[in-house]
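Residues are numbered in the numbering used here as their position in the sequence shown, beginning at 1, plus a constant of 40.
Certain hints may be false.
[To be verified] Listed next, the in silico DSS-like pairs over lysine-lysine satisfying Cα-Cα at most 30 angstroms (straight line):
{"no.": "1", "residue 1": "Lys184", "residue 2": "Lys198"}
{"no.": "2", "residue 1": "Lys192", "residue 2": "Lys149"}
{"no.": "3", "residue 1": "Lys45", "residue 2": "Lys119"}
{"no.": "4", "residue 1": "Lys119", "residue 2": "Lys149"}
{"no.": "5", "residue 1": "Lys153", "residue 2": "Lys198"}
{"no.": "6", "residue 1": "Lys184", "residue 2": "Lys149"}
{"no.": "7", "residue 1": "Lys153", "residue 2": "Lys192"}
{"no.": "8", "residue 1": "Lys184", "residue 2": "Lys119"}
By construction, these hints were calculated from the structure, which means they are not laboratory data.
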Amino acid sequence: MVPAKPTPNWVRLYLPELFRGLYITTRHFVVNFLGFLPVLGKVVKKEVVTIQYPEEERPISERWRGRHRLNRREDGSTKCVACFCCQTVCPAQCISIVAGESPDGEIEKYPAKFEVNLFECVFCGLCVEACPCDALYMDTREMKIAQYSPDKFVLGLKDLIR
Numbered sequence: 041m042v043p044a045k046p047t048p049n050w051v052r053l054y055l056p057e058l059f060r061g062l063y064i065t066t067r068h069f070v071v072n073f074l075g076f077l078p079v080l081g082k083v084v085k086k087e088v089v090t091i092q093y094p095e096e097e098r099p100i101s102e103r104w105r106g107r108h109r110l111n112r113r114e115d116g117s118t119k120c121v122a123c124f125c126c127q128t129v130c131p132a133q134c135i136s137i138v139a140g141e142s143p144d145g146e147i148e149k150y151p152a153k154f155e156v157n158l159f160e161c162v163f164c165g166l167c168v169e170a171c172p173c174d175a176l177y178m179d180t181r182e183m184k185i186a187q188y189s190p191d192k193f194v195l196g197l198k199d200l201i202r
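All chains, full assembly: derive it from the sequences and hints.
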């Protein structure tokens, strides 16, 4: 068995890593503040990535999941048949549905009450994927869902259809 050499105190104090971190931080500061790297003589041209938010909005991806909405049929009624698939698959259990018997002979049930609690929702999109009748979407592209009252975060049937 070979005895291990004792490590010097300056290595145990992580001084080399400390100085390396200070060098990297200082280099990033100089490059971002002055716009060039004086050590290497390079001129670094960077564009500012700031978005002036209220006037200019960030482009939203096609796959972006936003506030929920219910799709409609041609006659104006909702496509939802109250099958409870979205309520069952929701990991946050933020969807609650109460089914009612439909007066229409073709459709067996309709959602008498359909609520989505945005406080509990994690915006995962599993409810949209589970919907067999293509009634639930998350493509409203609304980024501003802030409200002053907690009651407004529970979306009812009227809020989801609009």
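Taking the hints in turn, this is what the structure says about them:
1. Lys184 / Lys198: holds (19 angstroms)
2. Lys192 / Lys149: holds (27 angstroms)
3. Lys45 / Lys119: violated (75 angstroms)
4. Lys119 / Lys149: Given pair Lys119, Lys149 holds - Cα atoms ~11 angstroms apart, limit 30 angstroms.
5. Lys153 / Lys198: Distance of about 10 angstroms is within 30 angstroms: holds.
6. Lys184 / Lys149: This hinted pair is violated, its Cα atoms lying about 33 angstroms apart.
7. Lys153 / Lys192: Cα-Cα ~16 angstroms, so holds.
8. Lys184 / Lys119: Holds, at roughly 26 angstroms.
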